[in-house]
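Undergrad: Okay, here's what each chain looks like letter by letter:
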Amino acid sequence: MSYLSGAGVKADPVVALTWGVLVISIAVVIIVSILLLAGIQRGRSRVAAVDIELQQVERRGNALALVYWGTAISTVVLFGALVWTVAVLAAINAPHAKPMLTIEVTGLQWWWKVRYLSDDPSRTITTANEIHIPTGQPVRVRLIGADVIHSFWIPALTGKTDTIPGQTNVTWLEAQRPGVYRGQCTEYCGEQHAHMAAFVVADTPDVFQTWWNDQLRPAAQPTTAQEVQGQVEVQFRCGACHMVRGTDAGGSVAPDLTHLMSRKTIAAGTLDNTIANLAGWIANPQAIKPGTRMPVLNLSGQEVSDITTYLQLLK
Amino acid sequence: MTILDIERRPEVAAASEASRRRLDEIWKTPPGIAGFLSTVDHKQIGIRYIITAFAFLILGGIEALIMRVQLGRPEQQLLTPEQYDQLFSTHGMTMIFLYALPVLSGFSNYLWPLLLGARDMAFPRLNAFSYWIYVAAGIFMYAGFAIGAGPNDGWFNYVPYASRQFNPGMNMDFYALGMIFLGISTSAGAANFIVTVFRTRAPGMSINRLPIMIWGTLTASAANLLVVPAVSLAFFLLWMDRQFGTHFFDVSQGGQPLLWQHLFWIFGHPWVYAIVLPAMGMVSDGLPVFCRRPLVGYTPVALSTVATMVLGFGVWVHHMFATGMPNLALSFFSGASIVIAVPSAVAVFAWLATIWSGRPVVTTAFLFFASMIVLFVIGGVSGFMTGSVPVDWQLTDTYFVVAHLHYVLIGINLFPVAGAIYYWFPKFTGRMLDEELGRWNFWTMFIGFNIAFLPMHLTGLWGMPRRVYTYPDGMGWDWLNLITSVGSFLFAFGILLLLINVVKSRRDGRLAGPNPWDASTLEWSVPSPPPPYNFAVIPHIVSRHPLWEQQLQESDARSSLDTGYLLDHGRETIATTSLDSDIDLILKMPEDSYAPFLLTVAVSALFVGLLLHWWWLAAVGGFATVGAIMIWLWPERDLGQTADAGHG
Chain P
0 MSYLSGAGVK ADPVVALTWG VLVISIAVVI IVSILLLAGI QRGRSRVAAV
50 DIELQQVERR GNALALVYWG TAISTVVLFG ALVWTVAVLA AINAPHAKPM
100 LTIEVTGLQW WWKVRYLSDD PSRTITTANE IHIPTGQPVR VRLIGADVIH
150 SFWIPALTGK TDTIPGQTNV TWLEAQRPGV YRGQCTEYCG EQHAHMAAFV
200 VADTPDVFQT WWNDQLRPAA QPTTAQEVQG QVEVQFRCGA CHMVRGTDAG
250 GSVAPDLTHL MSRKTIAAGT LDNTIANLAG WIANPQAIKP GTRMPVLNLS
300 GQEVSDITTY LQLLK
Chain Y
0 MTILDIERRP EVAAASEASR RRLDEIWKTP PGIAGFLSTV DHKQIGIRYI
50 ITAFAFLILG GIEALIMRVQ LGRPEQQLLT PEQYDQLFST HGMTMIFLYA
100 LPVLSGFSNY LWPLLLGARD MAFPRLNAFS YWIYVAAGIF MYAGFAIGAG
150 PNDGWFNYVP YASRQFNPGM NMDFYALGMI FLGISTSAGA ANFIVTVFRT
200 RAPGMSINRL PIMIWGTLTA SAANLLVVPA VSLAFFLLWM DRQFGTHFFD
250 VSQGGQPLLW QHLFWIFGHP WVYAIVLPAM GMVSDGLPVF CRRPLVGYTP
300 VALSTVATMV LGFGVWVHHM FATGMPNLAL SFFSGASIVI AVPSAVAVFA
350 WLATIWSGRP VVTTAFLFFA SMIVLFVIGG VSGFMTGSVP VDWQLTDTYF
400 VVAHLHYVLI GINLFPVAGA IYYWFPKFTG RMLDEELGRW NFWTMFIGFN
450 IAFLPMHLTG LWGMPRRVYT YPDGMGWDWL NLITSVGSFL FAFGILLLLI
500 NVVKSRRDGR LAGPNPWDAS TLEWSVPSPP PPYNFAVIPH IVSRHPLWEQ
550 QLQESDARSS LDTGYLLDHG RETIATTSLD SDIDLILKMP EDSYAPFLLT
600 VAVSALFVGL LLHWWWLAAV GGFATVGAIM IWLWPERDLG QTADAGHG
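Going down the list, the sequences are from chains P and Y. Quick note on numbering that gives the first Met the number 0: the first sequence kicks off at 0 and runs consecutively. Quick note on numbering that gives the first Met the number 0: the second sequence kicks off at 0 and runs consecutively.
Treat the hints as calculated values from the structure; they're not laboratory data. Any given hint could turn out to be false.
[Claimed, not checked] Not everything, but these chain Y residues come out facing chain P in the computed CB check (under 7 angstroms):
1) Tyr160
2) Ala221
3) Leu224
4) Gln252
5) Ala321
6) Val345
7) Gln393
Since the model is a prediction, treat every value here as computed from it, not as a measurement. Where is the CB? At the ideal position from N, CA and C, for every residue including glycine.
Chain P with its partners taken away, still in its complex shape:
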């Protein structure tokens, strides 16, 4: 999550500016500290606090010059930093090329809904919390506010932009190298603000295309009796909120589960996506993420097992 190094054309100038103002800041603190300590040491009176009146009061020297020079130099440095700031602002305002890909990210309590937009409606897909992008090209991100304000932030790729109900903000990002870049909601949004991570997964363009094509497929069909039973239960128990494309589970207020197993984490980065974690989450989400919108359904052990088994198919 550190942003002292970046991984993209948008992040690099900001990283340089951050280091620049950081070094200036540290230098100022050191200079002032030295001036202060040297000043105290230089003229330090020998009298004790109780005898303070023994130290004569007088105007010594013309120290006003320090005020003028100090202020003048500060002003020049500040102005320089301002020019640099405005230059960086202009440089990262828009990508160098028109983005070929637009992704719509909606901030929700407490997860991210991610939609891939395309001129071809059949290529539009919805997923959650993991944003796959191709490397080496700018990607436009439309930020939608739905419930309360959240803030979208992938430190290594782009600074924060809020998702605000009633308005659509637009930002962009570009990854130079393949990798997984963690981000997190940074506008306080309620009880589970702490558990609202997002991941950007950058792949080479052809790997990305393969991923997108895979996501377009409907959900895998169950084969064993337990998988069939699991699908029935998912449709009955989970389908009001969650979508599994190609089944009767058609809800849209919670993450789309059609390709759940292609994601590395569940509950917006709260847990690794393992069988055990998944079963524990389904059995009692409130114990793991208190306040989450997912209710405790009082499922039997068998039901949890059936559902988990079925979900393992959704690759």
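Please arrange chain Y on chain P, whose structure you already have, making use of the hints.
TA: Structure of chain Y alone, referenced to chain P:
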């Protein structure tokens, strides 16, 4: 109107034992509960403000320590998310609203008339009223927390999370009404300070002879008068949305979440300056005393105080850089946020120059004031970094900002306040604080504070978001958080040493005498503690440093401290003109009065009625408010300020 128009010419005389006794009779407040509820003595009110503010500081500190235990290790489950959210919100509310400004109001209340050569504030009853309202509003806001309905959306309280849809409990209603309630106190206090400085200065104390602390509080008060209505309005609109279904912030009906942010921050940012400028003024006045010379650059520092505030009105959007505004607006506010560092640089270099060209006597107060310069600069440069928009897009809402704001609020408010306690405690009580314990106190606070908050910058740079009740293991944040938690307990222990010193020295500290620091301003010309009437005669001032004229030898003129206007026909002080401080007329001051307390009770009933929807109580409170105001304003012949009819 000139002095000649006044019905009697005030007698000029030297202070005598007889006149002191007479003044004491006139001004003293009777002991006991009656005096406690009715006093309008600015000194008693000032001390109460300081004690009450410290009580809130302790509460807010305990809340912080609980949070630091929770955050000391990753994935801790000591607190539920809701408990944590209420704690951090209440901590912010407490420190920013119930400690930081009131403690400065306390010092200003106590010191202003003494610094200005007056016998009380311009409106003594209003002064008592603003204190009572502060207490009542503080209790009101904490009542919610006590029943588990404290604010849970941060002190900044963003909508829509604060709206009824997402926050159905009473948490927001306590907070919203409490903030409107508290705003009454802030506004009344601010108006009182402004009138006091322009009306009650000693003759000859022209505007360029004011102590810098007066400039600081005056500037802060002017700002508060302008910005408090914005936040009161915002909270009122929120309350209306929540209770009566209006749509100011309701997105589904065309409301605007960003309206809240603008209204809040156009208040919130000037407020930050309001809670540091008076404290900076304390340093500008206190530090030179220990450097044994006048402040270097009085005029630039006074002007920079005002300039900071003026610019402070143009930077609120830097709290909103991530809301998706156009680049042109961002550039403007980025520029303003960076330029505002210039007047701060003036103050910093003036303090450095004062030390550099002085002969510092290193006392505990000096240590607090001098260390504040470094803490101020650290808080200043981190603020400068957040002023740079692209950098802020990374820094904002991470722990870097938490570190920044604590350097600002603790560094520029609490450290000067601690120094001011060491500096003025002898005046308040007649006894010195223990210097030996003072060293322990200072170094524990200074080291503890920096252990807690310096590494926190790195926690932020490494990406830890604010306002999270826990964080995962393996992010690189765990050891940094542990260090911060350890430092915070050390810091808290330092504050405990301060309190111990106060309690101990109050009883058996060394006797102080009127001017233990050989300081230059008027409060040190009267006994410690000062008599109820402050000055036996109203002094006449001819320089910025009335008590140092003999030592500085800068002119032949001498301020007259022992001979002046006697004014012993009832409670009186002198009114002077606003710029030159020429004598204008005799100001008749009110007696002790229950009206401020009664009015507070009435207003409290009104707010409780509104909160609980007990409309009958709100109505009773409303009528009682009108009644109490009538009692207060009932014409009294004794308070007539105008000339006699003979000249009519």
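Undergrad: Now tell me if each hint is right for this structure.
TA: Status of the hints after comparison with the structure:
1. Below 7 angstroms, beta-carbon pairs count as interface contacts, and Tyr160/Y has one with chain P at about 4 angstroms; its hint therefore holds.
2. Restraint check, Ala221/Y versus chain P: the minimum CB separation of about 24 angstroms is more than 7 angstroms; hint violated.
3. At a threshold of 7 angstroms, the smallest CB-CB gap from Leu224/Y to chain P is about 29 angstroms, leaving the interface hint violated.
4. Below 7 angstroms, beta-carbon pairs count as interface contacts, and Gln252/Y has none with chain P, the closest being about 10 angstroms; its hint is therefore violated.
5. Residue-level restraint check for Ala321/Y holds (minimum Cβ-Cβ distance to chain P is 4 angstroms; threshold 7 angstroms).
6. The criterion of a C-beta within 7 angstroms of any C-beta in chain P is met by Val345/Y, whose closest approach is roughly 5 angstroms, and the hint holds.
7. Satisfaction of the interface hint for Gln393/Y is found here, the shortest Cβ-Cβ separation to chain P being roughly 4 angstroms, below the 7 angstroms cut-off.
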